[in-house]
Each structure stands twice: as C-alpha cells, then as structure tokens.
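Peer 1: Sequence:
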Amino acid sequence: MDNTQNTTINTENAFSISDFEKRARQFLSADVPKIDHQSLPKVLGDHQLNPDLHPALIPQIKYVAAVLIPVISRPHGPCIIFTKRSEDLPHHPGQISFPGGIAQSQDHNLLTTALREANEEIGLHETSCRTIGYLDPYLTVTGFCITPVVGLIERDFVAKIDPKEVANVFDVPLAFLMSSANHQKHSLSWQGKVRYYHAMPYKNHYIWGATAGILHSLYERLYHL
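Quick note on numbering: the sequence shown equals residues 24 to 248 in the numbering used here.
Don't read these hints as lab results, they were simulated from the structure.
As the structure is a computational prediction, the values presented were derived from the model and not from experiment.
Every residue, glycine too, gets a C-beta built ideally from N, C-alpha and C.
Each hint should be verified, as a subset may be incorrect.
Only pairs whose alpha carbons sit at most 30 Å apart, straight line, appear in this in silico DSSO-like list of lysine-lysine [unchecked claim]:
#1 K226 with K107
#2 K45 with K57
#3 K216 with K107
Using C-beta positions, here's what the derived DEER-type ranges look like [stated by the list, open to error]:
#4 P74 with P98: 39 to 49 Å
#5 T150 with Q49: 33 to 43 Å
#6 T150 with Q129: 32 to 42 Å
#7 D75 with S39: 36 to 46 Å
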C-alpha cells in the first residue's frame, strides 16, 4: 500500500517522535513487501546513482534480506540506532549498518527476519519495537535485496551486542540524518569503473553504501516533500 499521493503535513516539530511517526504512517507502506527470489523487482538501489547500471545488468537477487531502522527517543531528541559490523563477518565486515540480515527459511516474513536479526545482534526483543512502516526494497550491485522496516524502540532499551556479529552500537540524531545538507555523494573505482554511492559521515563514523542509500530514501519519502 502506497500512501504517498496528494498529501501534505505540518512541518513544525519535524524531528519529534510523534511527528516522525505521523509522517511514517502517512508516507510509508503498511504492508510487508514480498520478494520473489527468481525475479528482479522494481526497487531502489545502487543503480540510481549509476545510470549505466541498467537494471538488466544488475545481478539477479542472490540474497533476500531485511533490516530494522530503529528510531529511539533520547533526551536530546530522536535518534537512529546503528551497528558497526564485526570484522569477522563474511559480508560487509566492519561497515556501519542497521540491525538485520539474510532471510531464513523459518522466518514467517521479512518483518520476522528484521526482528529476529535485531534480537540476535543487539538484544532487542520484538515486544520493545513498534513497527510503523516499510520502505521500498533496496537492491545492491552485489545481489542483496534489502527490505527496510521502520520501528519505534522503547526509550529504556539498552543494547546487548553479540560480539561475533557486532563490534559496536551507536546513535545518530534523526535531525542530522534527515537533513539534506548532510547527504553526500562519494565515488570509488569498482570493476574498472567509477561508481557513485551515498555517504553521511557523522563524527568518526563513516555511514555509506546501502545504509546511507536507505537513509536517503527515508529522507525523500518523509521529509523531501
């Protein structure tokens, strides 16, 4: 379900938890996306900053995954919780990410995947998370099709990390992440070509790639009206 059409909202107190929830419920999908492993859905992704990566050239989906975008109220304002992945992980070691991972056969749907992974990685129990919507799936050139789940986390939550998966947990203010002034486009050489990607450096944390791309998508859906 897409609620993005012909809607306006009050921009006052834009970065309060109540206003964020209002925007999320108004502009995000309320339905859990279903991803067909055998097909390439029309999704957001790395190809948007690299027009020569025509969808037909993007690898078929190798991994169906889901992440939780955990929004929590702090004394200085709402924040999003991030993890720094362990250097020992096979995929994207050491990178900044949301709690999440690859869907497993026992998962009922992609919401189950996101909540299961968040529990395993940072000790977040599903009863401490209130789901408020879903972003469009995000496809990476490495074959990950990631469904972002947006959830509000109980303010007394304290992370208990699994060191095998997570090296560190930290917060970034929602006001920083949802300001276009902090959205950058960086580049690197990949397979002999220059490739562009989203980046949102914050203090000593380098948020980039799919994580920054998903944040940019959240900004465009909720705040770039």
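Peer 1: State for each hint whether it applies.
Peer 2: Tested hints:
1. K226 with K107: holds, 14 Å
2. K45 with K57: holds, 24 Å
3. K216 with K107: holds, 28 Å
4. P74 with P98: 39 to 49 Å: holds, 43 Å
5. T150 with Q49: 33 to 43 Å: Hint violated: Cβ distance 25 Å, outside 33 to 43 Å.
6. T150 with Q129: 32 to 42 Å: For T150 and Q129 the Cβ distance comes to about 19 Å; the hint is violated.
7. D75 with S39: 36 to 46 Å: Holds, at about 41 Å.
Going down the numbered hints, you'll see the structure goes against 5, 6, while the others check out.
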